[in-house]
Amino acid sequence: MSDDFIYLDYAASTPVDPRVTRLMLECHESGFANPSSNHVAGRKSRAMIDNAAAQLAALLNVDPETLIWTSGATESDNLAIAGAARHRAHRGKHLVTLMTEHKAVTDVFGMLEKEGFEVTWLTPDESGHLDPAVFAAALRADTQLASIMYVNNETGVMQDIASLGGICREHGVLFHVDAAQAVGKIAIDLQALPVDLLSLTGHKFYGPKGIGALYVADRPDCHIEPILFGGGQQRQIRPGTLPADLIAGLGLAADIAASCLEADFAHLAALRRTLWRGIRDVEGVLINGDIDAGFPGILNVSVANVEGESLLLELEPLCVATGSACNSTNQEPSYVLRALGRSDLLAQSAIRFSLGRPTSESEVEFAARRYRDGVARLRDLAPEAAA
Amino acid sequence: MSDDFIYLDYAASTPVDPRVTRLMLECHESGFANPSSNHVAGRKSRAMIDNAAAQLAALLNVDPETLIWTSGATESDNLAIAGAARHRAHRGKHLVTLMTEHKAVTDVFGMLEKEGFEVTWLTPDESGHLDPAVFAAALRADTQLASIMYVNNETGVMQDIASLGGICREHGVLFHVDAAQAVGKIAIDLQALPVDLLSLTGHKFYGPKGIGALYVADRPDCHIEPILFGGGQQRQIRPGTLPADLIAGLGLAADIAASCLEADFAHLAALRRTLWRGIRDVEGVLINGDIDAGFPGILNVSVANVEGESLLLELEPLCVATGSACNSTNQEPSYVLRALGRSDLLAQSAIRFSLGRPTSESEVEFAARRYRDGVARLRDLAPEAAA
Amino acid sequence: MTGDPYSPMVRQYFVRTSHAGDLPNAVSVALDQQGVHLRLAGTQENGRIQALRFRAWGCPHVIAACECFCDHYEGRPVPELSAFRAGDIMRKLSVPVEKTGRILVLEDAVRSLGRSFCDSSASPSS
Amino acid sequence: MTGDPYSPMVRQYFVRTSHAGDLPNAVSVALDQQGVHLRLAGTQENGRIQALRFRAWGCPHVIAACECFCDHYEGRPVPELSAFRAGDIMRKLSVPVEKTGRILVLEDAVRSLGRSFCDSSASPSS
Ligand SMILES: Cc1ncc(COP(=O)(O)O)c(C=O)c1O
Ligand SMILES: Cc1ncc(COP(=O)(O)O)c(C=O)c1O
Chain A
1 MSDDFIYLDY
11 AASTPVDPRV
21 TRLMLECHES
31 GFANPSSNHV
41 AGRKSRAMID
51 NAAAQLAALL
61 NVDPETLIWT
71 SGATESDNLA
81 IAGAARHRAH
91 RGKHLVTLMT
101 EHKAVTDVFG
111 MLEKEGFEVT
121 WLTPDESGHL
131 DPAVFAAALR
141 ADTQLASIMY
151 VNNETGVMQD
161 IASLGGICRE
171 HGVLFHVDAA
181 QAVGKIAIDL
191 QALPVDLLSL
201 TGHKFYGPKG
211 IGALYVADRP
221 DCHIEPILFG
231 GGQQRQIRPG
241 TLPADLIAGL
251 GLAADIAASC
261 LEADFAHLAA
271 LRRTLWRGIR
281 DVEGVLINGD
291 IDAGFPGILN
301 VSVANVEGES
311 LLLELEPLCV
321 ATGSACNSTN
331 QEPSYVLRAL
341 GRSDLLAQSA
351 IRFSLGRPTS
361 ESEVEFAARR
371 YRDGVARLRD
381 LAPEAAA
Chain B
388 MSDDFIYLDY
398 AASTPVDPRV
408 TRLMLECHES
418 GFANPSSNHV
428 AGRKSRAMID
438 NAAAQLAALL
448 NVDPETLIWT
458 SGATESDNLA
468 IAGAARHRAH
478 RGKHLVTLMT
488 EHKAVTDVFG
498 MLEKEGFEVT
508 WLTPDESGHL
518 DPAVFAAALR
528 ADTQLASIMY
538 VNNETGVMQD
548 IASLGGICRE
558 HGVLFHVDAA
568 QAVGKIAIDL
578 QALPVDLLSL
588 TGHKFYGPKG
598 IGALYVADRP
608 DCHIEPILFG
618 GGQQRQIRPG
628 TLPADLIAGL
638 GLAADIAASC
648 LEADFAHLAA
658 LRRTLWRGIR
668 DVEGVLINGD
678 IDAGFPGILN
688 VSVANVEGES
698 LLLELEPLCV
708 ATGSACNSTN
718 QEPSYVLRAL
728 GRSDLLAQSA
738 IRFSLGRPTS
748 ESEVEFAARR
758 YRDGVARLRD
768 LAPEAAA
Chain C
775 MTGDPYSPMV
785 RQYFVRTSHA
795 GDLPNAVSVA
805 LDQQGVHLRL
815 AGTQENGRIQ
825 ALRFRAWGCP
835 HVIAACECFC
845 DHYEGRPVPE
855 LSAFRAGDIM
865 RKLSVPVEKT
875 GRILVLEDAV
885 RSLGRSFCDS
895 SASPSS
Chain D
901 MTGDPYSPMV
911 RQYFVRTSHA
921 GDLPNAVSVA
931 LDQQGVHLRL
941 AGTQENGRIQ
951 ALRFRAWGCP
961 HVIAACECFC
971 DHYEGRPVPE
981 LSAFRAGDIM
991 RKLSVPVEKT
1001 GRILVLEDAV
1011 RSLGRSFCDS
1021 SASPSS
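If you read the protein sequences in the order shown, they are chains A, B, C and D.
Counting from 1, position 94 in the first sequence corresponds to residue 94 in this note's numbering; the numbering is continuous, with no gaps.
Add 387 to the 1-based position in the second sequence for this note's numbering, that's all there is to it.
Add 774 to the 1-based position in the third sequence for this note's numbering, that's all there is to it.
Add 900 to the 1-based position in the fourth sequence for this note's numbering, that's all there is to it.
Heads up, some of the hints might be wrong.
What the hints assert, rightly or not - Beta-carbon label-pair distances, calculated as ranges:
no. : chain 1 : residue 1 : chain 2 : residue 2 : range
1   : D       : S918      : B       : A645      : 49 to 57 Å
2   : D       : R985      : A       : D125      : 45 to 53 Å
3   : A       : S343      : D       : E998      : 17 to 25 Å
4   : A       : D281      : D       : Q934      : 30 to 38 Å
5   : C       : Q808      : A       : D218      : 50 to 58 Å
6   : B       : D679      : D       : V997      : 28 to 36 Å
7   : D       : E998      : A       : G284      : 25 to 33 Å
No lab work stands behind these hints: they were computed from the structure.
All of these numbers come straight from a predicted model, not from anything done at the bench.
In this text, a Cβ means the ideal position worked out from N, Cα and C, and glycines have one as well.
Generate the whole structure from the sequences, applying the supplied hints.
What follows is the structure in structure tokens.
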């Protein structure tokens, strides 16, 4: 994919599918008008947006009217969580979430705590899973909202959204799902799943960056307050000129994903098997997450007695992540891995390989070799005492 | 520019400059990685963003570090106004703005009123200008923030930002300027102008949609609270994966604008003269705003005894606006024109022609002819009684 | 978020207002309501409408509805005017429901025109 | 938002650690602080450092600094070791300031090595 690096960081961001790029290019020519404008050019932009909404709606099996366009999953998470919590504050101020959520979720709950909400922070088990019984036990009469992610961005661990959502329905609790790492990668049928609010972002499934969406179920009681105020676009829930090109790109990415969901999944599973086969014999290596369940696009491994930052440099030209991409400019051990019970040292040695549609067998074979050699050299460099 | 319409709605949105499109295309190939990622690919994205920040900073004569990337001027306005008001709430809760601001400003102040802030809504004079003396008189000991737009999106009226900002400095009031319609169109030197916070958006000056910025002066006391929470990007002020392609596009658009600011201005002034010459003899026509001052890219005219919606249809294939683009799906008479003292009927007959870099003399001549003919036909259709 | 606010028929009638104007020796009614100004004029012969003309100040739907009305009713028996319904023409032209009030102004004008025809044919001077 | 966290020199020294290893008959010191594990070993002859080797567990800057130190001080008079300063090597390698603590571990190790050289040359067994 590039001469000077091998990209294995698809969970941080994906390249834009060339078909998506091509469509966006066309939009620059004929869909540049403001879709709020009531003239021929504006209507062309509007038609593109309507088409994209239908495409994304088809991927999720929802009504296009239930989709709100945002700037990405961060904004969707903020809008869903703060918007729903504030809307229901008069009924109760208790909220439930998981320690291993993305910062775009945990930081919103942190902010809401300062606003006077009470948040229960659940801990997953060692494999990263949230036990539905633990979840059910956390819900109270005054619980208004729970937010649990679909696929964890660091480990690939998948939560049992159907069960968790069912429990929420029983308790009259709104259920938000951060599906940034799931949409376009695993089949999601929102007619079947008991989910009220769902966040997604284009750049995690070969769509454009800077565009995302929030699904807001068309159910009585499922309402949110806006966090941005302005020109009244999108039924007063999210203002701002709609970027027709980005939306069209997201729509097409959804359409493409729908057509190759199963093939992608099988491809990623095969790649991950090869990768794991190549590194599982390294002494002291262990998987963060769950190799048997979990989203196959992610393999997160820690290794004993190796310093993480040096390992990362040793792995060049592989582009891989240590913690979550969002944390990777600081050196703190990942809070997600810490929540899974990893020591600071093991968490710091974690490498997240994330695979994508363009990844090849030879790339993961190369990656495994590089990992083995890198670990060996760093261990060679270290004094025996080093633990 | 298109076979089936003549686009004269550049104030609603501009087409993307082909050079910008080309650069974004390159980014899709080599700048797709998450700029927060600490590997070769991530660094490439980061380098593009750094370069774009330098370009935009040069246009505004500021330090690149003072720029926060957002999803557009709506978000920038929200972040600046809500962020600054809340940050300073412990010092005082009085805020000042203008009746003729964009909804992305007025609606935020409306929300802040509900939060317990007190807002003074100033009225401009009949030509749309805010008298600095009126402004100064509105500032109080507990005033914390004032927000006044640079160029009005409906009328093109330009406020005296230097004087207004000077008054704010004297009173220790933070000064926010919505410059969505000004940046890339008129010279703005933020070393010289006493402005603390300034909003802009890419799609108003031939850059991409879905990307904007907020300038936050590097002065003691000029701080804002975030409105979105997440991965810690952009010094905790605005989280979310940065869209390197959109940012690079915005940067290049700024660079291009810097190089042709004067030529653009002269071009637009000439076009507006031609347009106005072609319609000024229509009986009962009058300018909303100020033909002698004001940004020359906008000509907003009302006309007596003509119904606005029919006039708009009569003008097809011209793509022009009635009120602001953001209001143009509803039929309310523009609150901006009402604030200038126009009757409902006159406000409803308003047509905003907005001109751009690609606009030609023959397009505005055609537009003027079409306007004259349209008014004549509708008057012909009307019973004499119709006022 | 939808497409063209004007149906193709509205566009057609709006552009080709061949019934705009006045008529000599016509009965006529004018109404001025809902921000709409209307005048309908018509001539009859033997209980049939001979010619119809309108003048209108209003939105495109109002203008198109006037033209459509004139186009449709020329040559028809005068009593049929009483069967004219705003709802029918709104459906035919796909007029958005929020404009009902304006089209009802046309309905009122048509009703008045019908009565005027009857009055004028009943009067000795006709 | 900046570029490569590793200067070209850090990258060079990190990749080409030709002084990694141990030495027979060397004096050596080991330090274990700040999440850094270091061992320096050296031989001297006539007051000059003959050979230097290191082992390190730490981030790339630590490893590069060790290699750079060994590379630089082989062949130099033993007393110069006392002039070794973390700050100098940090500047040379553009080590970010937040890693000062780690490089100070190297400084301590170098200082100890210097003392060990003196002790060993003063001792009858050398
Ligand atoms: C699980 C999860 N949630 C939210 C986000 C935030 O998405 P974005 O950066 O597009 O706002 C990400 C990716 O960064 C993610 O992986
Ligand atoms: C003056 C002004 N402010 C703010 C905005 C909002 O910009 P955006 O739609 O890019 O968020 C606009 C344009 O719509 C504008 O003209």
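To see whether the hints hold, each was checked on the structure:
no. : hint                          : in the structure
1   : S918(D) / A645(B): 49 to 57 Å : holds (50 Å)
2   : R985(D) / D125(A): 45 to 53 Å : holds (50 Å)
3   : S343(A) / E998(D): 17 to 25 Å : holds (22 Å)
4   : D281(A) / Q934(D): 30 to 38 Å : holds (32 Å)
5   : Q808(C) / D218(A): 50 to 58 Å : violated (34 Å)
6   : D679(B) / V997(D): 28 to 36 Å : violated (57 Å)
7   : E998(D) / G284(A): 25 to 33 Å : holds (28 Å)
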